[in-house]
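A.B. asks: Residue numbers (our numbering), protein chains in the order written: chain A, 1 to 394; chain B, 395 to 506.
Simulated from the structure, these hints should not be mistaken for laboratory data.
Nothing here was measured: the structure is a model prediction, and the numbers come from that model.
Hints are not guaranteed to be accurate.
Cβ-to-Cβ under 10 Å is the rule here; a few derived chain A residues that face chain B [what the hints assert, rightly or not]:
1. 103
2. 144
3. 146
4. 184
5. 187
6. 252
7. 253
8. 257
9. 261
Glycine included, C-beta positions come from ideal geometry on N, C-alpha and C.
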Amino acid sequence: MRDVAIVGVGSTQFGRAQWSLLKMMCEASHEAIQDASLGDRKIDAVFVANMGSARNNRMAGLASALVDRMNLYPAAAETIENGPASGASAFKMGFLGVASGFYDVVLVCGGERMREVNNLEATEFVSFLSHRYAEYVYGVTLPGLAALFARMYMERYGVTNEHLAMVAIKNHANGLLNRKAHIRDSITMEGILTGPDAINNNPWVSEPLRFYDCCPVSDGSSALILAPANLAKELCRKPVRVAGIGQGTDTHAVHERPDPTELTAVRIASQKAFHMAGLTPQDIGVAELHDAFTILEIAESEEAGFFPKGEGHKALERGETQINGRLPINPSGGLKARGHPVGNTGVSQLVELSLQLRGDAGKYQVPSRPKHGFTVNFGGFGNNVIATVLSEGV
Amino acid sequence: MARNIEAAKCVQCGKLHYPTHFYCPSCKGTKFQGVAIEGEGTLVTWTRSHVLPLDYSTMYITLGIVQMDMGVKVMGQLDVGTPQTGMRLRSRIGKVREIQGSDIKGLVFTAI
Ligand SMILES: [Zn+2]
């Protein structure tokens, strides 16, 4: 296998789209292509990540449509649907294409336009991820599964609603610095949990999770260009190397797991990614984790190996995961504030991590200038997870 | 009497699984016997969901994961005022959802 690098990145504003799904994807791809200074070099293949276009936007065959709209013929084109892990899946396929020598220059683009339908329809569409007859028929949503998980976790490890709120407050504060983030308002413990208006500001979604424990429903597109490492220096001033990728799967029904508080697929994916990179969690200086729900940031930070099981919330309390802490988590605002265009999220995490490793993250740049970064893209409720390690330079 | 919700008992190794799999997760066997999920169990975790799928007209539903005494864990709806982790529950079959006009039956739990 050849070494592979990210040589260009791009992203739209997240939130409510001002453009059609396809136009958003063109804008993100264009930004990545410009960033890579490809010149006359052709894109060999396009991998598109999306989860719901056929249902929410009445569009199918997105990758072919993107090739057409951007005049990238005769590039190979595939659309990849892997639930909320679609983004990292498309990235992995692009990586394999370049690493194997089958392709030289690959465009990976994630795009999702969820706000074309209303919030309840969007929640319903995401709940199709649950097990059809053992979960879905009972009316469980993804927030519902996260709530069942959160209560077990809180009761076992002493995590409180205050800890969950601390994740939200941190990620909102980070999102305030990211001009492309969906949610850009700062929140306080008093406003969302301890004050007299907290229950109005922050109502229950699925107990013990409240409104601010859940990510928003977002539109957004992100894109990146992959190339072999030996070409990367030519194309890019600051290439970022794909050091490791790992993936793991787990039971579809959450209740079937021997211990449902364990996110086994996160652990396996992370171990594989670190093994491939020849690095350990101690080498990582910045992480973008899949905080679709606040509890997940805490649980993933432990399963990935950054903190012992049951102690992620203590590291959070000590401020270690703040932007200037020992291991900044979600400096971009995470899914919580940057937003969660579901099929795009994995691509957007890798774009954010690339910016951090290049030193191009602007106001939310991690001050320690990390050399290695890590992401978790979490599919379903943890039944399909991809972890990635990126490193500065080639 | 409503139709049972069934776990799958592997004919080859005897292990009970829910939900069913094409291959037995314990021995890769492919033949199973249906075993009704019924009786008593212990509440592992629960949630009261206030944001519901479109086809519910109630304010909230209460959901739980229950460790059944018969050996499998299941998800079910709780017909319980104040749930508490660890409480003992008894199962019955009841309406849990309506999808496109037809009633869906599933596991509903009440306190013992
Ligand atoms: Zn068996």
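A.B. asks: Could you work out which of the previously given hints the structure breaks and list their numbers from low to high?
C.D. replies: Going through the list in order, the structure violates hints 1, 4, 5 and respects the others.
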